[in-house]
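J.: From first to last, the protein sequence lines stand for chains A and B. Take our numbering: the final residue in the first sequence is number 216, and no numbers are missing along the way. Take our numbering: the final residue in the second sequence is number 476, and no numbers are missing along the way.
It is possible that some hints are incorrect.
Unchecked claim - Cross-link-like lysine to any residue pairs, in silico, SDA-like; alpha carbons within 20 Å at most:
id : chain 1 : residue 1 : chain 2 : residue 2
1  : B       : K345      : A       : C212
2  : B       : K141      : A       : L206
3  : A       : K73       : A       : D109
4  : A       : K210      : B       : T343
5  : B       : K141      : A       : A4
6  : B       : K54       : A       : I171
7  : B       : K139      : A       : I186
8  : B       : K139      : A       : R27
9  : B       : K141      : A       : N192
10 : B       : K139      : A       : L206
11 : B       : K139      : A       : L209
Read the hints as simulated data drawn from the structure, not as lab findings.
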Amino acid sequence: MENALIIIFGLTMLYMAATSRLMAHVRILVLQGILLFLICYFGIEHADILTILFLTFETLIVKAIVIPMFLNKIVKQTHEYRDMEANIPHFYCLVISSVILFAGFLISDFHFPAIKMINPIYFGVSIAVIIISLILITIKHKILTNVIEFITMENGIFLLSLSVAKEMPVIVNLGVLLDVFIAVFILGLLVNRINKEFDGLEVTQLSDLKDCEYDD
Amino acid sequence: MMINLLLIFPIIACLIMLIFKAKWMNNFFINLYAIGHLVVSVLCAVNLPVASSKYFLVDSCNIIFLLILSIVFMAVAVYNNGYIKHETTDVKRLRHYSYMILIFVLSMTGAIVSTNLGLSWVFIEATTLASAYLIYFNKTKTAIEAAWKYVYICSIGIALAFVGIILLTISTGNMNSLSYHDLYDSAATFNQFWLKLSFVFVLFGIGTKMGLAPVHFWLPDAHSESPSPISGLLSAALLNSAFLIILNVYKITMLAGCADFGRGMMLVMGFLSLFITAVFVFHINNYKRMLAYSSVENMGILVIGTAIGGVAMYAAILHMIGHSLIKASFFLTSGNILEIYKTKKIKSVAGILKTDKKTGWLWVASFLGIVAFPPSVLFISEFLMIKEMITKGHYILCGLFVILLTIVLYGLAKAVIRMSFGQANLEKNYDENVKNVSFGMYLPQVILLVMAFILGVYVPKFLDVMINGTIAVLVG
């Protein structure tokens, strides 16, 4: 069951690569949050009540509700609904992402001895999701999409941490969650500021700081 | 108990400020924390090791980092009293500024005293979030850009470092702990493939925070756009805390028997940092950016020293102390220049020595310190590194090191000489601005520089013992 969910999780990244509507990206974040919750639910066999509560809070409340709601608000405030001018056409984005995801599945199929510590399908898909997110960050042109891709990367890292059949101390988990949440919050606030100061939310506009030709 | 005091005081201070909102509290709490921080660090240094719980510990490994943080923070706090008066009179902004400085220093302290790799990660990410507001403090267009790049690049870098930590837990096999102590103890049993992979991610991730090329891009922007006391803290304290984590992970790779791999990576990044600085410092047009690039260079020297090992490791720790003292002084003095000339452009500044003699001499002395002019302590450290490279037969590395350092020296000297000497713009009258620079904006730099130049002639016994203690822990 969880293998099917993980594959759907990987496929959401393809949709992310192909679409240019920001609202669709936000909806994918909701879907990813729910998928991660289900993966935790089916994947973890014996855990104490505290861990289960924490994971539910992290995936269902924070990843699937709070962050998407916050981004939704920013999209509405900034009136930026589309990310059209990617560096390369969306079709090629889709091709590149598919190739990476396929490579991820290939990794999961390998059985070399060093990989016995981990669950291969988790590992392959999560690495693919992290790499696709990083590539999309370099390709897409709106800073809001960059924030969304940062969150999908964090989701990939979350899946990677699930692939290791060991838990971090609760204090570390809490700290990680808090940090990621605040980072998204600060990035969101900065997006709003940039929207006020600059004309638009293109990455290319953030180029005032240079080494030569500096003028103040 | 003492460590808890360091970590809890800022939170209580923030709460009190939040409740009472009194204007006098803003600077008062920063100064109080600075004094408390220094006293606690010195007390910890006398009674090593000090543990507070299983998560926090001050031992012979991190005490030097803690002491540097205390000294730099003390200097910045004194400077800040005079500086912030002329920056803004908006009480609300001042209060936010004070909150964020307290939280920023708290998270740096946390990153230094954590005994758990995961917790260090959490605190390092917290430093990014706390200092974002400080970089954005001036609220100009460029400040927003710098803050955006800082938060975004560092967050991604640190997220990759977390991937490194997860890979490290894979390499540990059946062990379920991230405490440094446990990791050191069972390092020999780790799976080398996963450990190497993990080191790559941690070095790149935490290296982003430390400002190593090729992932240094946020550094010149953030350091040049933030208020000068903050630039001082970022450069002289934050980069060191990231360095400590890299040192700890490097030690794990050493104990696991794949030190050569880590050494190669660190050498590449170190020399790339020197190279990038040598290229960019040449045509630089903004003196705060110039200092930021100099930080990239010095971080490169630190990892090169660590990678070479032996005496060079001692030199790296000494270099870190010297760099923090001198660079803090350099950045604070750049704040004076900005106050007097109201521009960051090198071409618009000339004749500082005539306009304000004290600032001018501090600027020249900081420059002499940072380019390792004897008796600066950096001279000793760089000399020891070169000596160690020759003894170990790395002649090409040594030649490259010397050439790149010379180019950086030339680039810095060109700018500093142009700014310090010559004739000031006679059409403008800077006397009014010079009056804004109060006594407290000279004193910290003088003390920092005196310390740096004395260390170049004479390293006191206790410091020598401390540095050797740090190396003994880190080299094992």
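J.: Are the hints correct? Go through all of them and say.
T.: Hints versus structure:
1. With a C-alpha separation of about 11 Å, the suggested pairing of K345 of chain B with C212 of chain A holds against the 20 Å cut-off.
2. With a CA separation close to 9 Å, the supplied pair K141 of chain B and L206 of chain A stays within the 20 Å bound.
3. The suggested pairing of K73 of chain A with D109 of chain A is violated, with an alpha-carbon distance near 41 Å, which exceeds 20 Å.
4. In summary, the hint linking K210 of chain A to T343 of chain B is supported, as the alpha carbons are separated by about 16 Å, within the 20 Å threshold.
5. At roughly 47 Å between alpha-carbon atoms, K141 of chain B and A4 of chain A are farther apart than 20 Å, so this suggested pair is violated.
6. Only pairs whose Cα atoms come within 20 Å are accepted, and K54 of chain B paired with I171 of chain A is accepted, the gap being roughly 12 Å.
7. Distance hint between K139 of chain B and I186 of chain A is fulfilled; the C-alpha atoms sit about 15 Å from each other, no more than 20 Å.
8. Among the hinted pairs, K139 of chain B with R27 of chain A is inconsistent with the structure: their alpha-carbon atoms are about 33 Å apart, more than 20 Å.
9. For the suggested pair K141 of chain B and N192 of chain A, the alpha carbons sit about 13 Å apart, so the restraint of at most 20 Å is met.
10. For the hint pairing K139 of chain B with L206 of chain A, the CA-to-CA distance comes to about 15 Å; that is within 20 Å, so the pair holds.
11. Our distance criterion of 20 Å between C-alpha atoms is met by K139 of chain B and L209 of chain A, whose separation comes to about 15 Å.
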